[in-house]
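The listed protein sequences derive, respectively, from chains A and B.
Using this note's numbering, the letters of the first sequence correspond one by one to residues 1 to 705.
Using this note's numbering, the letters of the second sequence correspond one by one to residues 1 to 278.
To spell it out: a stretch of chain B is covered by chain A in this simulated footprint if at least three of its residues, at any positions, have a beta carbon under 8 Å from a beta carbon of chain A; those stretches are:
no. : region
1   : 162 to 169
2   : 176 to 188
When the alpha-carbon atoms are kept at most 25 Å apart in a straight line, the in silico SDA-like pairs for lysine to any residue are as follows:
no. : chain 1 : residue 1 : chain 2 : residue 2
3   : A       : K95       : A       : A142
4   : A       : K488      : B       : F181
5   : A       : K488      : B       : G176
6   : A       : K95       : A       : L112
Residues from chain A that keep clear of chain B, each with C-beta distances beyond 10 Å, as calculated:
no. : residue
7   : R88
8   : K95
9   : E126
10  : A132
11  : A250
12  : H274
13  : D305
14  : V311
15  : D315
16  : K488
17  : V595
18  : A622
Just so you know, the hints here were simulated from the structure itself, not pulled from any lab data.
Nothing here was measured: the structure is a model prediction, and the numbers come from that model.
Note that the Cβ used here is the ideal one computed from N, Cα and C, for glycine as well.
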Amino acid sequence: MNAPDSIEGLSIDGLSVSYRTARGNLSVLRDVSLAIAPGEVVGLVGESGSGKSTLAYAIVNYLAENARVEGGSIRFAGEPLLGAAPDRLAAIRGKLVGMVYQDPSTALNPALRLGEQVAEVLRRHEGLDARAAAARTAELLAMVRLPDPRFIMRRFPHEVSGGEKQRVLIAMAFACRPRLLVFDEPTTALDATTAASILDLIRALQAETGAAVLYITHDLGIVAQITRRIAVIYGGAIVEAGETARVLRAPRHFYTRMLLASAPNPFSADARLHRRLVSFHGLPPDLHAPPPGCIFAARCPAVRDACREGVRALDGPSAQRSACLRAEEAAGFDLLAAEPVRPAIVAGAQAAGRTEAPLFSAEEVRVEYVRHPLLDQIMRRPASRVSAVAGVSFALAEGETLGLIGESGCGKSTLARALVGLRPFAGRLRLGDLAAEGGGAFPPGWRRAAQIVFQHPDQSLNPRMRVGEIIGRPLRLHQGLAGAALEKAAAGWLDRVRLPGSYARRFPHELSGGEKQRVAIARAFAPGPRLVVADEVTSGLDVSVQAAILNLLAELQETERTAMILISHDLNMVQRFADRIAVMYLGQIVEERRVSGPLAPPLHPYAEALLAAAPVPEPGLAARRVRLDGALPSPANPPPGCRFTTRCPRRLGDVCDTPPPWRALGPGHRALCHIEPAALAAIPPIWDRADSGSGGGPDKEGAPP
Amino acid sequence: MARVGRILLRSPMGVIGGALLLLCLGLVLFGPALAPYDPTRFHPAERLQGPSGAFWMGTDQFGRDILSRVLAGARATILFGVIATALGTALGTTIGLASGFAGGRIDEVVMRFNDSLLAIPGLLKALLIVTVLGPSTTNAMLAVAIATAPSMARIARSVTLSVRARDYVAAAIARGEGAAFIMAREMLPNVIAPVIVESTIRVAFAIMTGATLSFLGMGAQPPASDWGLMIAEARNFMHRNPWMVVWPGLSIAMVAIAFNLFGDALRDALNPRSGHGR
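So here's chain A without its partners, still in its complex pose (with noise of 0.2 Å):
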């Protein structure tokens, strides 16, 4: 890298970590080398299981206890810091690093207040008295942009919100002035708008600082936006490091290059890539026996004898090097060409074939949770209600995916268990000629008719029964088939999601997470219904994993000609696959439109605030910044008029407290605003190329030093 031997900063040289396990020692990390000078943010970026998460546990000299280090040094300006003496290492732990962790819920100890576990750090590490130390945690608080830290410093972690906590998790890596900071995914169990402000507050604190930092990450979008130099880690060796924009422009690894391709970037252009993403084959490597020659080789489209042969080391210049043996050809490369071929997967294609009159209409949708207890019956007082789901209007025609974006508690998932049934509901719903009345009971057949995919195939797929049956079932119900017919069937599912016939045996447990997820697809289309309803059916899975899952689902619905709901927190995804986005806040739909290209203005508010929050993974584009305050007011109680206002960047005024109308801003385009079309039109684009020179991009305070 840029200056491996300096003195100055974080180097980490040869690092090989190995666990000793009931299989056998798994080599998590082989011989990886890293330097952070001061006031750099590096990034690392690598999926569950490549050792990312294990490097940043070495660093701060916290490895689990079966952990063995088999060589390598990892020194901060000098001083060594593994092995490093139990007195020294609590300085260091304190002082000279600090880390921030992916999980804010699961940081912070839940029984004291926030107040008393940042001053703890202080008293601990700075030697303050309680009187400097609380004083200090305000200061800190503030600085970490939390509105009014003496009130903060007096919660317990549970009444504050999952941003707030990252940010006093932030505080106190910050508290003593650390001059290395491990982030350990510090966005990822956020919301998007909530992950971009605490991006913003990252790269300010950074600055202002001058700390080194290594920002560890599954997400190139977020590498994109925030590091100048990253390196990528598969399998616990690196295999590309170099300046963040090269590596993202023309990565000279094929690992890097297919998970570039296999993230969906609404700016890419190859057409062949419409609804479709570049998938990985196979599976990690054991790395319990990690293979000769590039760890990569299983599953590379491009492999050679050669590859399988000796260790391949980072090799080329310090700007990008790389340890593919073809790394010239990595970056124009067609992988396109690897893929299973899809004849008819051309954009236009499908839109061609499709009827416009709706299959599908769901009308003033309205979900309730209604907490009564038998105490407040008697005592006569009233139920609470909570609307998570506050008239919700929509239709699908055949063979149309709808989009249906939120976060957390938008309310999209109650809305998605109603559809299929699973949540009472008033309103009116259609699909085909079947109709169901809120309160009533569904007609018969639209339980065949409606299916779901969940999120977590874990808790989706009965852990007591065989993937034969789990399959089965729906067949031998909906369709009256028994004994080898049943069999046969769900044999033919097996293979149209590709899995083996010999899966039909196993149980869930003995899946990959993948793989559990194929199984529940192949439930779903099982007995042939007209909507699938997909509720973030990849967020749980790895980047790898989540393009073969989402070409699946596109291509059997395409063959199906199945309607389809796909819900997601990921715009950028959602822009891929759906042919139009519903944008979901606190209950109701707030702007609908169609989908071609990337989004653009006219956008509702709360939609421009989602578009500038999702992280692209292509270098060189600017994001013009919009960022939500406050915290999603609760469903009981929402604002009167429009929902949104309470933390719209584009409050008109007293108007924004009476209910907005919809507002018509082109063909299939409308959004419930109170701004006049025009004015929204007017909105400048989100994206920027930075590189063009046209500026545009406002944001100053976060560039890159």
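Fit chain B to the known structure of chain A by using the hints.
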């Protein structure tokens, strides 16, 4: 299942409990055949004797051989415990599963009624029932089964509630499965493990309640060689020959300990988090 077996064999509790259970099984199968004397035959010349070469455990007030009576009574006593518990578990699990699945008002009513039954001590409940049904071994078994059911229903229902919230149950409802299928095929296999563990521990309770009922004259009737009845009959002769109480008492304790140890070990083994450390 093989994994559960391996973990069981690794724990000392499991090994001891398992060995004692095998002993119980041997007694059930071969106990009566092993008896050196006819358990009901009187030896008037040798009444109320302590252990000797001829009568290893001594004799009772009629000169009957205690060893023969303990061996002959093993089958009835142990089977009593196992069958009563099995019936009670089946009844309780059905109630708990159905109530938890139905939810809402039905669940509320069923469980409050169940709670009120739980407030009555198990022995008292069994006594009440057997008083209504009339004293006999079969009725005592039914009484113990019914007395066991409420606590099994509680356990089954609490597990049912967590399984009910799983997406595979939602998927089954969304697909249009009937309630019977969802309860029997989707939920029961995921509810049953903790219920079985609890029921093994309950076997000891059933045997002791059965023995108590016999002791009170509400269960097995003389001259049956039931362990509880033996203790009851020994009451008046305890001072002259304590062995009459000791042997059947120890036998009951042995069976109770066997099921308790095995149940504890089974609970640990069925817990998916136990087993292989990382």
